[in-house]
Amino acid sequence: MKREIMFGLLVVLSMVSGSLHAEKLNKQQIKGLDEQVQGIKRDVLSISTQLNLLEEKLLYPSNTYMAFFVSMDKGADFSPDSIKLTLDDKNVTNYIYSYKEVQALKEGGVQRVFTTNVTTGEHNLKISVIGKESGSKVTNSGTHNLKKGVGPQFVEIRLSATGVSFRDW
Amino acid sequence: MSTLLRTLILATGMCYAACVCGAEQDSNGLKDLYFGEALYYAYQDNYFSAISRLDTELAQYYGLDEPEKNSFHFYQDNAEFDVGDFELYYRMYGRAGRAVKAVIQGNVPERVRNGAIYRLAKIYYETQQPLQALSTIKKLKGNVPEKIRYEEPFLRAQIDIETGRFSEAIGLLRKIENAPGMVGFAGYNLGVALIRSGKEQQGLAELDKVGQVASDDRAVQAIRDKANLVLGFRLLEHKQPGLAKKYLDRVRIAGPFSNKALLGAGWAAAASGKYDRALVPWSILSKRNVTNKAVQEVMLGLPYAYSKLGVYGKAALLYGHALESFSQEISRLDASIKSIREGRFLAALIREEIKKDKYWVVHLRKLPKTPETYYLLDMLASDDFQSSLKNYFDLAELHRKLQHWETYLAAYKQMIQIRAAYYEPLLPTIEAKFRKLDSKMKLRVEQRDHLDKRLKKMLITPRPDFLETAGERRTLLQLDRMEKNLPEGANPRIRARIARLRGVIMWRVETEYQDRFSKATMHLHELDADVKRLRRIYHSFVRTRQAATQSYQGYDKELTHLRIKMQQADDTIKQLMARQGHMIEVMAINELERRRKRLEQYQVKARFAMAESYDRATKAQQEKVIQQSEKKDQAKQADKPEEADKPEKGDKPNEADKPEKADK
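Top to bottom, those sequences are chains S and C. Per our numbering, residue 1 is the first one in the first sequence, and the count goes up by one each step. Per our numbering, residue 1 is the first one in the second sequence, and the count goes up by one each step.
Just chain C, with the same shape it has in the complex (with noise of 0.2 Å):
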């Protein structure tokens, strides 16, 4: 029974999944573009592309020079934690991943690390790790996100349960079971919680609570149905027919538990000896879909009654409808089996209706030469093959990518090989013409450093002499010359003449000292904005170049490793896609030879029953007659002067048939 009620506890549990979104945005808006790109992946539930995108981010982010002054850096903490968070959305939960290092270290806002706490601990516990979510959940300290203010104490009871905890889980579930959302879940799981510990009586009351919650949510009222049927079978266990049949027949007749539901019905009252009343459920059920469990056992439940009853004849023939319903069924599974070894399943699942239509993979069936997917039901809602089938189809994505990027790398390297014929030709001209010019502005800067430096010595030492025009400066040599080449015995006036000559250029230099330093700073300055225009220029076609050679250089090494890298990546993947297939095709076909081992029982129990039911129903014609004719003696010795008129009538349809004919 405790694997029965572990199987409801995860069944209630999966129909309650709640999805809460860890990546919360700056409230005062965004600051980095690209982390909300990353978001933006992240809210259409793309998590690849948001953890790629991310990623990218923080390493372009950390080969900065000055991080601090990019505007990532409002969101390094949230990144790294959103990074794996992302993962843990993709599934990707490994002990030493990003996902498990993002909850312990997460430096982000306390609700956001409790609710990827609550996350992990949830995968942790649906992947049938109880330990584990346990050891994760007890992490979980202080406000939680308001989303799932009741879904974590309903996960931290489930995962109790699990691990035997039942105390602790009851206190939990108690607090909860009013709670908006939590009505009908909580109730169910505290009635397991409490049969478990041994607190039957309790237990059953608190499903009996459950299997009367009045609401129109669809969900609520399946947990209702379930805890009548899980309380009827209980009883049916315990041997209180009666009681039982009160519970299952609360339970819904058009509701997803109705089939099993009907079937405990008949079994209550068939065990109460009840058997005509055991007809009314079962003959509702023998007419719904020939593929579900229930179905194929009311079948033999059916004649089985009838022939509790007396009435072999109807019994026979619904025995006889039986074996060919099941050898029907078996030539359908069969085929199925056939159609699923030969990829026509796997082929069927990854087609593009997937992303349309969520009920594919039931609604597959109808594609020509694919397995019947209603024998498949309870698997396809199983953990181990829903898991499995989205690793096949993210293998399936990755493949895709794989392929598609590979035409990148192609595509990389034809710009290079373009770019490369086109640089190369002109840069070495280019280059040469760039020397020269540089050479020459160096020159020039180094003039105007020099400028600059004498008129800043200028400010503290007035030279007058620097800045003499080029004529005073000819004029002035000019002078010196002719007072050098002057004769010793030369006319003293014109000695004065060459001092007055020089006086007056001396006078002007000296009083115009101040405006000529003012005209020669300001020049300078003018000097400065074409040099920083130079420098402008300079830096433009540095950066040209440099982008121009870096357009085709360097590529090579990098792009190999890549092309290696990925096709390493798409062989594992092809690998990986072969294995993940071959398990769910595993999964498929045990549960097909599953059903048909069962129907193959079934059959062998309504060949012994119909040849059961038909020496009755002979045995008890052949009673029949017997006593008929016994009768018809007894009558003819009584009434023999009659004897004569008896034959005649004996021709008409006696008592001894009707049974036969009722049951045709």
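Looking at chain S on its own, in the form it has when it is part of the complex (with noise of 0.2 Å):
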């Protein structure tokens, strides 16, 4: 009887430790796919480089590249839904935020919402953005005068519940 229940014991001890037998067999080839999966993953991040670099000469040469970022405060309480863009009475953009989206620009993150082709002189930028506030819909709108030069030009839109803010970089 004794015997019977030290088996019982003995497949419930094997049962809380875990069956890594099978597991333990493939360590190494575990360990050697892995580290090729980390190669792989070099050279793909090597070539989305090179992809930026070139989609940054090919579509946006620098004389007529405009950008457009969207920035919040730290912390802030206001959580933005969902923003438009309107350049020289043309909207250009409309943007529908996740809320892991929402958190990154709370935390410091700035999104690069649109970019853009435009030539040198005087642009006209209109913002409406809706969100919440403690629960309540906050609509917000803004307009910005800028100047195109003949470098690139980024504009920097900050959200927060009273408004939005324009710097020009």
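For the record, the hints were derived by calculation from the structure and aren't laboratory data. One or more hints might be untrue.
[Unchecked claim] Here are the computed lysine-lysine pairs in the DSSO-like style, where the Cα-Cα straight-line distance is at most 27 Å: (1) S:LYS74 / S:LYS84; (2) C:LYS519 / S:LYS27; (3) C:LYS101 / S:LYS31.
These two chains come separately, so use the hints to put the complex back together.
Here's what the structure looks like:
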């Protein structure tokens, strides 16, 4: 009887310890494959960087390059739901935010919301933002006149519950 | 037992994983928008895009003539570090990788660097490279981020346990035993460290303390249950079933360790010979999900207890029920193995649901013809499976990206062709006109420079003659000519008149010199403004012409190289995906086959035990019948005169039948 009980105990103990036998056999294989996966990640990242550089050169020459960035104050209470950009009376982008994106903005991340090519000279930007603050719906808008020079132009659009502010970089 | 403890420590470490973000922003506000964009991706756990963005910015930055004038200059060190740190998050921790370099050479604040060292050590620890983890964590010096204030010594202690440095581990764990967030976890590992260092009684006492921790936190409740479970089984191993039961009874009936605790409680009672008491936990357990290992084992344990209590009929029936369940489960396992071999498991794993449902790997069992994932729960939680699965997802994502980029290249090529078709016929005419204008412009600019030089000289040596008007110069020339043409005997009044006229002009030129000089300078300035405007137009034209040619020239080679690289990378990814997918399938099949073998062994045991129980039940029944008939015979002999009435009573159920009726 005792032997049977001990058998039962051993089975239970092996269950508690977890079964690693088959996995142990594959440890080296798992590690080797993992290293190869890391290698291909490096290769694809390098391709991605080359593509980014090519894209900027080919699609957005510096003399016409203009990019719009959205930022927020760290830990702001305001949460944007969507944003609408109008450049020179033309609706150029509408963006709806996910929860993760809003959190990333609140942590200090900056979103490149729109990139375009424009001629040098005066341009007009209009922003319309819908969001929430303390559970209530908030709608804000703002207008910004900007002058495009010969170099690349960046505009920061800062969102808050009180309104929209702009900064030319 | 050491494997058991190692596994438990690992599992504890897993459930207490804490995420610390390495990218910290300047408190004075953001100074470069693209650095902020990289952080935006990183804060969403999109580390591929974050690394790619930073790599692009760094490549552009190092290509600048005066990088210190670029706003990225403020973040150069941070970017170099963050690239490595993000690679850690992206599970790129190869020995020669940037992650390791960032940890060693990172020119960033101490806390930030220490945060990365902690993460790298944790990865090494979780991938079962304890020595590598130890050498990495040793690099950690000075202040650590507040978020990992207690996690860091906890990890250090776990690594120490793995590398056999028990006294160091014990010292560290004692310090953080009651630290916020460490209650239960530190104590549990302390107990394990004490046991493994040979201080069995102290270790058990420590586990006993953890087994009584009061908390509403589910993770702490789970570690409390685990401590009690380990204690219970440790004591069962040391043949102290009475004491073991006390600890096993502490495990919550609805917790994650409840099944194992119920099984153990039954074995503790059985080991004390109290089979009737074993029936209580085992009966509860036998009604739970049949895929669970403990439930499957108790299907043998329960009839075993009944047979020990002499209820052979009930035991035989329960063995029969177990056999039926085992064969059903074996069929289910066979179907699951078949489904995995047909590739359905892998196909279900990478469905879109995985992004919305974090338990998708378990829930995919609901899909038709997919494997029974309840059998794979232990395997699904293992580090090897999780890292393999993440690699498979990453590879699938990379494959998707490359396919997507392939369409970019086709679009770029088309765009270049359209631009070439537009600009090529226009540019020669424009170029010819430009050359003419260019030479004219050069001439005018040279003239202007000449005037400028002359005016500057006149500041030192006044030359009124340089400021004569065209009319004056014409008149003077005319007077010179007239004087020269005068005959020798001409009227002296005429000569005097010419001289007077010349004198008038010279007087005017000399007396108006300052005024004329000021006007000349003013005109030169006006000319400068025009030249400046001309130069601006010239440069604008040069830029536009350059942009036009650059918009379609010189891309062919780059695009071809990229296409080849992308194709090669995609081929490698496909191969790696096949191998990684196969590995995942093998892991799952191995696990299912292990469970299948166990069930087959149980089947054999159940068959023998059922046969034995039937034999014993039949034998017991026969013995009772014999005893009954012997009693009847004795009664007959004692009461012979009343013998004629007995046969009719014999038709009624007798005592010997009762156990069998009760069994049913």
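Hints and how they fare:
1. Between LYS74 of chain S and LYS84 of chain S the alpha-carbon distance is near 22 Å, which keeps this suggested pair within the 27 Å criterion.
2. At most 27 Å may separate the alpha-carbon atoms for a hinted pair to count; LYS519 of chain C and LYS27 of chain S exceed this at roughly 90 Å.
3. Proposed proximity of LYS101 of chain C and LYS31 of chain S is supported: the alpha carbons are some 21 Å apart, at most 27 Å.
In this structure, the one hint that does not hold is number 2.
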